[in-house]
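**Q** Single-letter residue listing:
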Amino acid sequence: DAGVIQSPRHEVTEMGQEVTLRCKPISGHNSLFWYRQTMMRGLELLIYFNNNVPIDDSGMPEDRFSAKMPNASFSTLKIQPSEPRDSAVYFCASSNSYEQYFGPGTRLTVT
Amino acid sequence: ELKVEQNPLFLSMQEGKNYTIYCNYSTTSDRLYWYRQDPGKSLESLFVLLSNGAVKQEGRLMASLDTKARLSTLHITAAVHDLSATYFCAVDFGNEKLTFGTGTRLTIIP
Chain Z
1 DAGVIQSPRH EVTEMGQEVT LRCKPISGHN SLFWYRQTMM RGLELLIYFN NNVPIDDSGM
61 PEDRFSAKMP NASFSTLKIQ PSEPRDSAVY FCASSNSYEQ YFGPGTRLTV T
Chain V
1001 ELKVEQNPLF LSMQEGKNYT IYCNYSTTSD RLYWYRQDPG KSLESLFVLL SNGAVKQEGR
1061 LMASLDTKAR LSTLHITAAV HDLSATYFCA VDFGNEKLTF GTGTRLTIIP
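One line per chain: the protein sequences are Z and V, in this order.
Those letters in the first sequence? Residues 1 to 111, per the working numbering, in order.
Those letters in the second sequence? Residues 1001 to 1110, per the working numbering, in order.
Only chain Z is shown next, with the shape it has when bound in the complex (with noise of 0.2 Å):
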């Protein structure tokens, strides 16, 4: 199994711009998880599917912040517009309800 699949693995946009994130689940997996990492702030639970079902999105920072998962195997992370204090590394990670498994990450940096 090739794990969970982020892309881009590096983004450098402006200020203002929109931007996607994009996540593959590892097959068959059931749950899929968005977190944000931050020197200051550590790691952070944005939202969380179940069987493509958002069920968590509390800890999304304001309405800038969206997800979608339109199937089992591709979820989306959009920021719309995004600032520079969204600067961080993204990662999604996917749950057999035993464990979760982290993908790559994309290294986000807003100028």
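Quick caveat, the hints were computed from the structure, so don't treat them as lab data.
Treat the hints with care, since some could be wrong.
Derived EDC-like pairs (lysine to aspartate or glutamate); straight-line CA-CA distance at most 20 Å [said to hold, decoys possible]:
| id | chain 1 | residue 1 | chain 2 | residue 2 |
| --- | --- | --- | --- | --- |
| 1 | V | K1041 | Z | E11 |
| 2 | V | K1097 | Z | E44 |
| 3 | V | K1041 | Z | E99 |
| 4 | Z | K68 | Z | E44 |
| 5 | V | K1097 | Z | E18 |
| 6 | V | K1003 | Z | D56 |
| 7 | Z | K68 | V | E1096 |
| 8 | V | K1003 | Z | D63 |
| 9 | V | K1097 | Z | D56 |
| 10 | Z | K68 | Z | E14 |
| 11 | V | K1003 | V | D1082 |
| 12 | V | K1017 | V | D1082 |
| 13 | Z | K78 | Z | E99 |
| 14 | V | K1041 | Z | E44 |
| 15 | Z | K78 | Z | E14 |
| 16 | V | K1097 | Z | D57 |
| 17 | Z | K68 | Z | D57 |
On the provided structure of chain Z, position chain V as indicated by the hints.
**A** Structure of chain V alone, referenced to chain Z:
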């Protein structure tokens, strides 16, 4: 409030020495995870602890869980340089949501 606290935050130790990282959490849970993260890399699962008294070992690392004390430990035996990394504990307080500790940055000095 759901909180997970790790200590120490930073640990510098010599090769060959033993040490323990502690993970305390605020409320009842019997699912705790340890992850390793190398600089610029993703999180790698080390241990899954699912019951009181659970103990797991892999090489020079051993993790244990005491759900009554709300405490998990990660013990390092005879440290080697390859163990230098940041170690996170994470607690599932329900519904598969993980709350992560702050991490312990471990540096092994030759």
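**Q** Each hint needs a verdict: does it hold in this structure or not?
**A** Cross-check of the supplied hints:
Straight-line distance between C-alpha atoms of K1041 of chain V and E11 of chain Z comes to about 16 Å, which keeps the hinted pair within the 20 Å bound. Distance check on the hinted pair: K1097 of chain V and E44 of chain Z sit about 11 Å apart at the alpha-carbon level, within 20 Å; holds. Only pairs whose Cα atoms come within 20 Å are accepted, and K1041 of chain V paired with E99 of chain Z is accepted, the gap being roughly 19 Å. Annotation: proposed proximity of K68 of chain Z to E44 of chain Z holds, straight-line Cα distance about 18 Å (limit 20 Å).
For the given pair, K1097 of chain V sits about 28 Å from E18 of chain Z by alpha-carbon distance, which is inconsistent with the 20 Å threshold. In summary, the hint linking K1003 of chain V to D56 of chain Z is supported, as the alpha carbons are separated by about 18 Å, within the 20 Å threshold. Proposed proximity of K68 of chain Z and E1096 of chain V is supported: the alpha carbons are some 19 Å apart, at most 20 Å. At roughly 25 Å between alpha-carbon atoms, K1003 of chain V and D63 of chain Z are farther apart than 20 Å, so this suggested pair is violated.
In summary, the hint linking K1097 of chain V to D56 of chain Z is supported, as the alpha carbons are separated by about 9 Å, within the 20 Å threshold. At roughly 23 Å between alpha-carbon atoms, K68 of chain Z and E14 of chain Z are farther apart than 20 Å, so this suggested pair is violated. Pair hint K1003 of chain V plus D1082 of chain V does not hold up; C-alpha atoms about 30 Å apart against a cutoff of 20 Å. Restraint check for K1017 of chain V and D1082 of chain V: the C-alpha separation of about 14 Å stays at or below 20 Å, so the hint holds.
Between the alpha carbons of K78 of chain Z and E99 of chain Z the distance comes to roughly 26 Å, so the proposed pair goes past 20 Å and is violated. With a C-alpha separation of about 17 Å, the suggested pairing of K1041 of chain V with E44 of chain Z holds against the 20 Å cut-off. Annotation: proposed proximity of K78 of chain Z to E14 of chain Z holds, straight-line Cα distance about 15 Å (limit 20 Å). Distance restraint check for K1097 of chain V and D57 of chain Z: the Cα-Cα separation of roughly 11 Å lies within the 20 Å cut-off, and the hinted pair is therefore satisfied.
For the hint pairing K68 of chain Z with D57 of chain Z, the CA-to-CA distance comes to about 11 Å; that is within 20 Å, so the pair holds.
Hint violations for this structure: numbers 5, 8, 10, 11, 13, all remaining hints satisfied.
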